[in-house]
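These protein sequence lines are chains A and B, in that order. In terms of the working numbering, the first sequence has 329 at position 329, counting the first letter as 1, and numbering is strictly consecutive. In terms of the working numbering, the second sequence has 108 at position 108, counting the first letter as 1, and numbering is strictly consecutive.
Treat each hint with caution, since some may be false.
[What the hints assert, rightly or not] Partial list, derived from the structure: chain A residues whose beta carbon lies under 8 Å from chain B:
#, residue
1, PRO179
2, ASN181
3, TYR182
4, LYS184
5, LEU185
6, GLN187
7, ALA188
8, ASN189
9, GLN195
10, TYR200
11, PRO203
Since the hints were made in silico from the structure, they are not lab data. The C-beta atom is built at its ideal place from N, Cα and C for all residues, glycine as well.
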Amino acid sequence: MAQHLIELLGLNLGLAVLSNVKNKLTVFFLKLPYLLYLIIILILVCFIFSYFLKDKPNVIVFDRFFFNSLKFTFIQAILSTLISIIIGFLIGICLYLSRIKIKLISVVLNFFFIAPVIFVSYGVIFIHGSNGLIQSFLNKVGINFSYSIFGFVGILYVTSYFNISLSANYFFRKLINIPENYLKLLQANNVSFYQALKYYLRPIFQNNIIVLCSIVLIFCISNFTIIYIFANSPFLSTLELVIYQKISFEANIYAAIVYGLIQAFIVILLLSPLLKISNNFQMLSLKKTENYKIYKSNLLSTSFLIIMSIYFFSPCLMIFKGLSSFNLDLLISYNAIKSFLSSLSVATISLLLSLLISLSSLYFARKLFEDNSRFKKLMLFSIFILCFVPAISLSSIIFMINIKLDFYFNNFWIVSIINSCLLIPIIFLFLLPKFMDNNIYEKSKILQFGINPLIRIFKIDLIKFKKDLILISSACFVLSMGDLTSVTIFNSSEFKTVPFFISQLYSSYRYDDAFFIMSIYVIFIISLLYIVSLMVHRDATLR
Amino acid sequence: MLRLDNLSYSVGKFKAKYTLSINKNGIYALVGESGSGKSTFMNLLGGYTKQNKGHFLINNKLVSNLTPSKRPISSLFQNHNNFDHLNIFQNVIMGVDPNMNFNEENKKKVNYVMKKLSLKMSMLGLVSDLSGGEQQRVSLARCWLRNENLLLLDEPFNALDPGLRKDMFKQLLSFHKSNSNLITIISSHFLDELLDIVEGIIFVSKGSIESNKVLKYKDIKNNIKFKRYFLGNLK
Numbered sequence: 001m002a003q004h005l006i007e008l009l010g011l012n013l014g015l016a017v018l019s020n021v022k023n024k025l026t027v028f029f030l031k032l033p034y035l036l037y038l039i040i041i042l043i044l045v046c047f048i049f050s051y052f053l054k055d056k057p058n059v060i061v062f063d064r065f066f067f068n069s070l071k072f073t074f075i076q077a078i079l080s081t082l083i084s085i086i087i088g089f090l091i092g093i094c095l096y097l098s099r100i101k102i103k104l105i106s107v108v109l110n111f112f113f114i115a116p117v118i119f120v121s122y123g124v125i126f127i128h129g130s131n132g133l134i135q136s137f138l139n140k141v142g143i144n145f146s147y148s149i150f151g152f153v154g155i156l157y158v159t160s161y162f163n164i165s166l167s168a169n170y171f172f173r174k175l176i177n178i179p180e181n182y183l184k185l186l187q188a189n190n191v192s193f194y195q196a197l198k199y200y201l202r203p204i205f206q207n208n209i210i211v212l213c214s215i216v217l218i219f220c221i222s223n224f225t226i227i228y229i230f231a232n233s234p235f236l237s238t239l240e241l242v243i244y245q246k247i248s249f250e251a252n253i254y255a256a257i258v259y260g261l262i263q264a265f266i267v268i269l270l271l272s273p274l275l276k277i278s279n280n281f282q283m284l285s286l287k288k289t290e291n292y293k294i295y296k297s298n299l300l301s302t303s304f305l306i307i308m309s310i311y312f313f314s315p316c317l318m319i320f321k322g323l324s325s326f327n328l329d330l331l332i333s334y335n336a337i338k339s340f341l342s343s344l345s346v347a348t349i350s351l352l353l354s355l356l357i358s359l360s361s362l363y364f365a366r367k368l369f370e371d372n373s374r375f376k377k378l379m380l381f382s383i384f385i386l387c388f389v390p391a392i393s394l395s396s397i398i399f400m401i402n403i404k405l406d407f408y409f410n411n412f413w414i415v416s417i418i419n420s421c422l423l424i425p426i427i428f429l430f431l432l433p434k435f436m437d438n439n440i441y442e443k444s445k446i447l448q449f450g451i452n453p454l455i456r457i458f459k460i461d462l463i464k465f466k467k468d469l470i471l472i473s474s475a476c477f478v479l480s481m482g483d484l485t486s487v488t489i490f491n492s493s494e495f496k497t498v499p500f501f502i503s504q505l506y507s508s509y510r511y512d513d514a515f516f517i518m519s520i521y522v523i524f525i526i527s528l529l530y531i532v533s534l535m536v537h538r539d540a541t542l543r
Numbered sequence: 001m002l003r004l005d006n007l008s009y010s011v012g013k014f015k016a017k018y019t020l021s022i023n024k025n026g027i028y029a030l031v032g033e034s035g036s037g038k039s040t041f042m043n044l045l046g047g048y049t050k051q052n053k054g055h056f057l058i059n060n061k062l063v064s065n066l067t068p069s070k071r072p073i074s075s076l077f078q079n080h081n082n083f084d085h086l087n088i089f090q091n092v093i094m095g096v097d098p099n100m101n102f103n104e105e106n107k108k109k110v111n112y113v114m115k116k117l118s119l120k121m122s123m124l125g126l127v128s129d130l131s132g133g134e135q136q137r138v139s140l141a142r143c144w145l146r147n148e149n150l151l152l153l154d155e156p157f158n159a160l161d162p163g164l165r166k167d168m169f170k171q172l173l174s175f176h177k178s179n180s181n182l183i184t185i186i187s188s189h190f191l192d193e194l195l196d197i198v199e200g201i202i203f204v205s206k207g208s209i210e211s212n213k214v215l216k217y218k219d220i221k222n223n224i225k226f227k228r229y230f231l232g233n234l235k
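Start from the sequences, fold in the hints, and give me the full structure.
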């Protein structure tokens, strides 16, 4: 009997040890992609330092041109941020007062935010350029007035386009999330909308506004494509453009890396308010409560909304122009097909890589928060940092490494990796509130029922936010496809993406062809997003 | 006096139609199963939901066509009754002055109601620093200050412990003593705690008021629907 008991105990002990080892192994494999990512980051940092210590290149980098570009980077970024936040705030209010459906507002604002920069830029040129619609109209009616969108105005106009939609979305969500009882209280006490904004709702906006401002400011600093297209004078050059020029035209990699590091440093400084959200995941939450309306739109808000709709939708007119210049030969040409396939492959690879790393990071972050680890903020920082290390800075560093490695990596993989680096924090930030939702209660249940970490991820977490995962994946796919940053450095006759192909057509004065390819490209993107949203809403399990 | 004449509202499959007359001032309990239409009843009276048909009067004055702020009604909900970022003074005075001017006259008013409700802290303290019971008393102070004819309490004390709830009922009674024209309708699932202070019971079932009148406990305790509400469907 005693021997039987000992055997049984031994067996149970063995099974317990085995299960423990299995659990630890699972946890390790779940953390592995994030750890690999960390190692790569460390290798990059070590490489930069070793390069500076070993080679000690003796090149003058801090010239007048550098300081001028630094000054302009900040001037345009601060102005764009101010415009974006103020107009975004007003749009958020007008949308809240309007009768437009919340879902439609959400879809439209999200689209404007993720719309390819090159599409919006050429769309704006199509309307406001020297041969644009407005100028043609003025010439037709005999008004002798010419203006140019190129230059500072164009940079502000297009940079604000994306960031206005971001901040409008932020303020709109803040407004629709006001608890219904608050609104009833305001209504019962005859509080006007102006009074409500001034006294009662102000803290709702103020909360985390610094975080929004720093995000917008960083986006405005990292607007390489816009500067690349709209800058028409050496004085309108930002740090990113200087980095690009140093690499592409002067082959001064050392200066490019120094500038890249300076920009990364500035961005990291601006990033510090973002760490605040580690204490407030609600700020990132996209939950929409049922809307109880007590305030209505007026003539002023409706007029403002109409003007802003014209601002947002006008670049889309280019699609009609593009379709009217239909060119089948170009569409089925080797270059067009090749660039389209390259874009698709880059977007797929970068999305898969970023999904793998961000899910692993999310798992790791939640574990640190559940254990109340000291490293939780450091972990968040390691991800957030990627969001704002400008693609061009990263590109200059990787370019240098590739030279040292005798061009070991091909352009396709480099662009995919750089794009994935930019997608990781977006996926991470979007899914973080869902991952953290009820984690304290969940943790006790997980411990109580002994649920394996892998089961938790696949059978609890992924099911909980399957819909969000699909939506953010499609948005990231589109973002990656439309990026024209790293590909300006890493391209060849064999490798070019659609945005780069369009910019080449445009640079060689083939405007109609550029508009045509752009229209096809945008129609593809809109169809893709539409199909995904249909899929998400039709599948009952995804609701 | 409160009179509801076929006050109707429908949304989806849910249909509600209320007819009721209250002639005596006092506290009335509003009870009924979850989903029976208690909140709809409160929202229709408060003006937060617009009726499809019918009307209601307070002291023979038609009220159902007025906006919520014009109705002689104060409401208290289960949560979000106060703005956490505002101080006690602001949360109380907003009931009569939405601009929340910090002047002598307003200070006197707030001081008066705070004393009445035994709120002894500084009026400049943040509401978020108060306990749940104190927070609800601040909301009640606002209603007191408004001094309207109808007070709607939509389960406001449900989250409080039994002792605190009793305290709140005492405060409610003293509120009634100070305003003899007040009718209070309190929605709650804790009917046994209310029986001592209420004039009668309004029992809501499937979107209508049982017998279209206020009932006494002894008249309703043997009603099958009422028994089911308390005891469930167990036989």
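How the hints compare with the structure:
Residue-level restraint check for A/PRO179 holds (minimum Cβ-Cβ distance to chain B is 4 Å; threshold 8 Å). Interface hint status for A/ASN181: upheld, as the beta-carbon distance to the closest one in chain B is roughly 4 Å, under 8 Å. Checking A/TYR182 against chain B: minimum C-beta separation of about 5 Å stays under 8 Å; hint holds. Hint status for A/LYS184: holds, given a least beta-carbon distance of 5 Å to chain B, under 8 Å.
Against a cut-off of 8 Å between C-beta atoms, the interface hint on A/LEU185 holds, since the closest Cβ of chain B lies about 7 Å away. For A/GLN187, the suggested interface contact is upheld, since its CB lies about 5 Å from the closest CB of chain B, less than 8 Å. Hint status for A/ALA188: holds, given a least beta-carbon distance of 5 Å to chain B, under 8 Å. Nearest Cβ of chain B to the Cβ of A/ASN189: about 5 Å, under the 8 Å cut. The hint holds.
At about 5 Å, the closest approach between the beta carbon of A/GLN195 and any beta carbon in chain B falls short of 8 Å, and the interface hint on this residue holds. Proximity of A/TYR200 to chain B holds as hinted, the smallest CB-CB distance being about 6 Å (cut-off 8 Å). Interface restraint check for A/PRO203: the shortest CB-CB distance to chain B comes to about 4 Å, inside 8 Å, so the restraint holds.
Going down the numbered hints, you'll see the structure goes against none, and every one checks out.
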